[in-house]
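Asks: Both chains are sitting in their own frames, so use the hints and assemble them into the complex.
If you read the protein sequences in the order shown, they are chains A and B. Using this note's numbering, you'd call the opening residue of the first sequence number 184 and step up by one each time. Using this note's numbering, you'd call the opening residue of the second sequence number 3 and step up by one each time.
These aren't lab readings, by the way, just hints derived from the structure by calculation. The structure displayed is predicted, hence computed values, not measured ones. Ideal Cβ positions, reconstructed from N, Cα and C, are used throughout, including at glycine. Among these hints, one or two may not hold up.
[Stated by the list, open to error] Straight-line distance between alpha carbons at most 16 Å, and here's what the computed EDC-like set of lysine to aspartate or glutamate pairs gives:
no., chain 1, residue 1, chain 2, residue 2
1, A, Lys211, B, Glu114
2, A, Lys366, A, Glu266
3, A, Lys211, B, Glu76
[Claimed, not checked] Going by beta-carbon spacing under 7 Å, a handful of chain B positions derived as facing chain A:
no., residue
4, Met91
5, Ser95
6, Ala97
[Said to hold, decoys possible] Which chain B residues stay away from chain A? Per the calculated CB distances, all over 12 Å, these:
no., residue
7, Gly19
8, Glu28
9, Glu36
10, Asp64
11, Asp67
12, Asn107
13, Ala121
14, Ala128
15, Asp178
16, His215
17, His221
18, Ile225
19, Ala227
20, Pro231
21, Pro240
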Amino acid sequence: MFQNIGEMVLLLGRTLGALPFIWRQRAKVLEQFYEIGNASLLMICVLSFFLGGVIALQTGPLLAERGLHNAVGGLVGIAMAKEFAPIMMSILIAGRVGSAMAAEIGSMRVYQEIDALRTMNINPIHYLVLPRLVALACALPMLVTFSILVGWLGGAVVASVTGQIDIPIQSFFTNMKSVVEVKDVANGVFKSFCFAWIVGIVSCHQGLITRGGPRGIGRSVTKAVVNSIVLIVMFDYVLTRILLH
Amino acid sequence: MNAPPNAHQGVGVQMRGVRRSFGKQEVLKGIDLEVQAGEIFVLMGPSGSGKSVLLRHVIGLDVPDAGEILVNGESILTPGVMDKFRMAMVFQSGALFNSLTVGENVGLYLSEHQLKSPAEIARIVAEKLAVVGLKGTEEKFPSELSGGMKKRAAIARALIIEPQLILYDEPTSELDPLSAVVIGEEILTLNQRIGVTSLVVSHDRDLAFGIAHRIAVIHEGEILAVGSPDEVRRSHHPVIREFLHADFHREKTSL
Chain A
184 MFQNIGEMVL LLGRTLGALP FIWRQRAKVL EQFYEIGNAS LLMICVLSFF
234 LGGVIALQTG PLLAERGLHN AVGGLVGIAM AKEFAPIMMS ILIAGRVGSA
284 MAAEIGSMRV YQEIDALRTM NINPIHYLVL PRLVALACAL PMLVTFSILV
334 GWLGGAVVAS VTGQIDIPIQ SFFTNMKSVV EVKDVANGVF KSFCFAWIVG
384 IVSCHQGLIT RGGPRGIGRS VTKAVVNSIV LIVMFDYVLT RILLH
Chain B
3 MNAPPNAHQG VGVQMRGVRR SFGKQEVLKG IDLEVQAGEI FVLMGPSGSG
53 KSVLLRHVIG LDVPDAGEIL VNGESILTPG VMDKFRMAMV FQSGALFNSL
103 TVGENVGLYL SEHQLKSPAE IARIVAEKLA VVGLKGTEEK FPSELSGGMK
153 KRAAIARALI IEPQLILYDE PTSELDPLSA VVIGEEILTL NQRIGVTSLV
203 VSHDRDLAFG IAHRIAVIHE GEILAVGSPD EVRRSHHPVI REFLHADFHR
253 EKTSL
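Just chain B, same shape as in the assembly (with noise of 0.2 Å):
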């Protein structure tokens, strides 16, 4: 469907044989994938088939029993590469800061780093608030945030990096329709407007299919298929038709 843009900042992501087990199982199980710079990528399967574990290796909170994970070219645990590249997270559960407020949460990179002056951090914050529709949250604390909201915090956090690569864990999970098409269309729009490389992890057909440039089908840690969305609806591996046509079976009933 949607084609990468052109000029793009993002950088490119390649795993290589990644393998990872907890205790006796093995959870990712040689996964070879190649994110490229500037595209939606679209990591879909179901529950538990190891996902976000592996998000977690790109973003080198974990590190892989075999294989390696490379940005442009870098090892991942190489010292050094998370300050030459500028990555960020967006956990599932939003993993804002519960005691600082909205807008010290979005603007802790730049001050703990000391980037920036307050009065400039406190203008940069208000900008990428008013980028995801949070205009004026700067006081609030996230308990104060709607699941949608806070979500939208934590985009807002991710892009004050400027990111090259931003990771979303889940990003419409546990939000209502309307709120999950809203933050699909924000990781589009950043996608679009500053051709950020972008790596989704999400078990949600509707996200995966509105808003990748290349989906991979995941299942009990192998890689089942990698293509377009239309060359994955295509696809006749029994495991991933069961998952894209999983529907109900209501039997019609008058009441």
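Bound conformation, chain A alone (with noise of 0.2 Å):
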């Protein structure tokens, strides 16, 4: 376990150090930010949407029997913004990026053509995780964005739709607008780039050390999702207690 630590720092900071080679890879970085948010979009639109409903489900009819209507605006701004949306988006793209990327980098390592890179002077870090890192950071945090939008709409729709809740949907965003701040946005916006790097790293790191045949490869992509998962949820508490100051 610790040798993967170390491996992945590693990784970390080879990939740091070839961020002044980002040019070069640009065409790379669109293809990459092109699957990620192709592959991603519909798939979070409709999560969000319902997402947002079931917060708004949940402790709606909560706060209306102790006459706090208007605080289910706030309440799911504030948990969309802050935790729902960060969290599960990174653990929605770890799950449909990070096991492709596994499992691509992970094929490769297998059928030698990460050692062709190499034959040919081509720097793998470079050439595959690079690109995947940089566009992966850029698209999660749009896509969080985009969720935040969308999760709140699902709040207020089904808000303003449950009997037991009944709150117009202007008086939601009204009321959203009193408790959420930018900064609460731009915390959960911030979070979601951290974990892009997370799901980035663990991700390619998985693919790159693959051992074996298509088990091996399956066992990576496997790996790549848990491992991702379970550090998401570990820096969460961390940076929130951070953000927290």
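Replies: In structure tokens form, the structure reads like this:
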């Protein structure tokens, strides 16, 4: 485990060191960016809408019973912006994009394509890791911003159509506006930026250390997703602690 | 048989006491070999004798536990040697990038190092593919090629580097006899045309004796013999004799 952590830290360092060469890889960054966005946007839209809706549904009736109808908008707003959108979307991306990264790089490792790169004096970190990480670090915060907006909309719709809550959409957003500040949204977006690096590093690292045939690739994919999720949740706590101050 | 070409651009390779173990298994037991600039040197031996492992060390993919590998007198592990000498490897599987077209595969070295304009890369790629008999396959994906075509595409990818040293790992494995001959002739032609040093790892006896200037026989991580094809053929070493004369012992029966 400690060896893996050390290797991931080293990989992160080397990738950050390769950042000055990013302009050379711009075509691949755009390609990856499109892949990530295209693969995830619809899914994120649906998930976020229902996520916002379910927060309103779970909390709305309880608040309404206590005469706090108007707090639903603020609660959904804060919950989506600071916690649900960044963590759920990062987990979704780990499953959807991280697994694909680990599988692709793992398969390149098993079938000697990475060795072929090295014999051509092409650095696999510049060619494979850097574009994926940069694309992910740009795409995930954008997707999370989008998720927050759709989640708010979902919460507002559910709060207005549910008899036990019964708050007009306009009142929902008025209340949200009085509670949610720009820094709350920035807080969630910043978290997602950090999670993007976690997903990218863990997935690329698992791909690069793949051994064996198809079974090895499968094992790497599973480890990439599971390790990413564990690290996202752990770092979420750490970041929340830091950002509280 | 063939004499090495006089005017060559190839580089020489020296291996001195190269040792490598994986766990408790010693795969290379102190290999000493010298490949002269511009020659076709075939390293032959049975499967699992350490041929491919040695080849990976020669191009710097693996690091020996002891000993050194020199290219024109400079250690392969010295920073900048890979930039100084142009070396390429043709992998046993071809190792083409499955997500790229044949044209992108062949031109990858030039495009990644930004050595030529896209139009020029396209022209050079077409030229190299024509050299290996794959004219017009630029837009195909590796999955659409036969085994022999993949090997030739891998050779084209190696050629684009304009190498001074090409390493071939089992270039005729999994190929039918006709394709194997085509690949063998390709190796010969390249050597005669551009004088590239070729280090070929193979257990294919026909290929080895058909193209080599010199042959080394490796067995269980040790070099048993080095010499011209005729010298190796005349060897009295029992392992070499067994390897060279392995055949079926089938009794004649009438159906």
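Asks: Determine which of the earlier numbered hints do not hold for this structure and return their numbers in increasing order.
Replies: Going through the list in order, the structure violates hints 3, 10 and 12 and respects the others.
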